[in-house]
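Below, each chain spelled out in residue letters.
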Amino acid sequence: MQSMPFVRITLATGTDDGACARVGDAVHHALVSAANVPKDDLFQVVELLPPASLRVTPAYLGIDHSSDVAIVQVFLNAGRSVEVKKALYAAIAEGVAAAAGLRREDVVVSLVEVGKENWSFGSGLMSYPP
Amino acid sequence: MQSMPFVRITLATGTDDGACARVGDAVHHALVSAANVPKDDLFQVVELLPPASLRVTPAYLGIDHSSDVAIVQVFLNAGRSVEVKKALYAAIAEGVAAAAGLRREDVVVSLVEVGKENWSFGSGLMSYPP
Amino acid sequence: MQSMPFVRITLATGTDDGACARVGDAVHHALVSAANVPKDDLFQVVELLPPASLRVTPAYLGIDHSSDVAIVQVFLNAGRSVEVKKALYAAIAEGVAAAAGLRREDVVVSLVEVGKENWSFGSGLMSYPP
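Residue numbers (my numbering), protein chains in the order written: chain A, 24 to 153; chain B, 24 to 153; chain C, 24 to 153.
Next up, chain A with everything else stripped away, as it sits in the complex (with noise of 0.2 Å):
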């Protein structure tokens, strides 16, 4: 049992009122699609924050980046594949970069791992009793 995500979506200020949930869905569509999380296993928080706090390096390793990004930060249980990551990495880039109207390179991931005794998705019960 790999799944529950829970997903947190950065995004500037002055995108218009949909894009919350265009984002929010490029990235689940990329979890279920490249990282084989269920359909409805979706719980996001998607913020949208003045340009001034979202702060990201110009250029590194080879990659420009714009005062226009997208961070995005996956919790999720351990044990996905180096070959599940980076076509997660893909999916998230390639969707996210559309729905938002940004640039490829100005998306950011950031994966961290947990073990699966750590959720509980509603009703106080652990959601994958080992």
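Just so you know, these hints were derived from the structure itself, not from any lab. All values derive from a computational prediction rather than experimental measurement. Certain hints may be false.
Each pair may be met inside one copy or between any two copies, as identical chains are not told apart.
Said to hold, decoys possible - Dumping the calculated EDC-like pairs for lysine to aspartate or glutamate here, alpha-carbon to alpha-carbon at most 20 Å:
| id | residue 1 | residue 2 |
| --- | --- | --- |
| 1 | Lys62 | Glu128 |
| 2 | Lys62 | Asp87 |
| 3 | Lys62 | Asp39 |
| 4 | Lys139 | Asp48 |
| 5 | Lys109 | Asp40 |
| 6 | Lys109 | Glu140 |
| 7 | Lys109 | Glu128 |
| 8 | Lys139 | Glu70 |
| 9 | Lys139 | Asp39 |
| 10 | Lys62 | Glu117 |
| 11 | Lys109 | Glu70 |
| 12 | Lys109 | Asp91 |
| 13 | Lys139 | Asp91 |
| 14 | Lys62 | Asp48 |
Guided by the hints, dock chains B and C onto chain A, whose structure is given.
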């Protein structure tokens, strides 16, 4: 030494002004009573975001979600047992539901475990040196 | 390869407009000088929240806290030594206190360590493939 949680709680705007304190206190009480956290070990961010920022599945694994949810993310030292985690989930759901006027089904909890050397609660000092 | 931190800094509103940049730069300088992070490896969210959103104990383990705190959460690759972490805490507290006009006692730091395959800093590519 298993204390020093840092807690981030995400609620939808529209709750009353006292909600941050009430919900924060409820989560802290759950940590103290169920997970052996010292009473004075309280470090929280409680954020209120527009409803569009909180995106949760309508239903997953038999639990229905409304549009009025609370997301509780707890960063804490590794080592709690499965039984302690189960008790913690139950206590958080019960306390937050009462404090925020939510259904217990709509309280989502995510734990992220870290090493005990990973905290400095002030003055630039490592809080739990090895 | 131990770089690519992602940093989330939480400050209370009421600070001046330049606080995001000053405090962010101070944390980055600490990472570069104390934890061997490349100068161009900067990825941060600096959020300003109402004072009621930052909830910190009045005192814990002998350190007093005021109502004016900064919370610095650093997600970074695993592997820093205890000595490096101690130096990092000291550097962050000193730099943030000066940049934000806070007491060093009121700078709280939380580290979350991840695997090096867990980053994509842009273009959908894994930043540090094995």
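Results for each hint:
1. For the homomeric pair Lys62 and Glu128, the shortest alpha-carbon distance between copies (19 Å) is at most 20 Å, but the shortest distance inside one copy (27 Å) is not.
2. Taking identical chains as interchangeable, the C-alpha atoms of Lys62 and Asp87 lie at most 20 Å apart only when they sit on different chains, with a minimum of 15 Å there against 33 Å within one chain.
3. In the homo-oligomer, the alpha carbons of Lys62 and Asp39 never lie at most 20 Å apart, since the shortest distance is 25 Å inside one protomer and 34 Å across protomers.
4. When the C-alpha separation of Lys139 and Asp48 is checked against a cutoff of 20 Å, the pair qualifies neither within a copy, at 24 Å, nor between copies, at 26 Å.
5. When the C-alpha separation of Lys109 and Asp40 is checked against a cutoff of 20 Å, the pair qualifies neither within a copy, at 30 Å, nor between copies, at 38 Å.
6. In this assembly of identical chains, Lys109 and Glu140 lie within 20 Å of each other by CA distance solely across copies; the values are 9 Å between and 25 Å within a copy.
7. Taking the closest pair of Cα atoms, Lys109 and Glu128 come within 20 Å of each other only inside a single copy of the chain (15 Å); across copies the shortest separation is 34 Å, beyond that limit.
8. Neither within a single protomer nor between protomers do Lys139 and Glu70 lie at most 20 Å apart by alpha-carbon distance, with minima of 26 Å and 26 Å respectively.
9. Taking the closest pair of Cα atoms, Lys139 and Asp39 never come within 20 Å of each other, the shortest separation being 36 Å inside a single copy and 34 Å across copies.
10. Only within a single protomer do Lys62 and Glu117 lie at most 20 Å apart by alpha-carbon distance; the minimum there is 19 Å, versus 28 Å between protomers.
11. Taking identical chains as interchangeable, the C-alpha atoms of Lys109 and Glu70 are never at most 20 Å apart, the minima being 25 Å within one chain and 29 Å between chains.
12. Taking the closest pair of Cα atoms, Lys109 and Asp91 never come within 20 Å of each other, the shortest separation being 23 Å inside a single copy and 34 Å across copies.
13. Within a single copy, Lys139 and Asp91 get their C-alpha atoms no closer than 34 Å, and across copies no closer than 25 Å, so neither meets the 20 Å cut-off.
14. For the homomeric pair Lys62 and Asp48, the shortest alpha-carbon distance inside one copy (11 Å) is at most 20 Å, but the shortest distance between copies (34 Å) is not.
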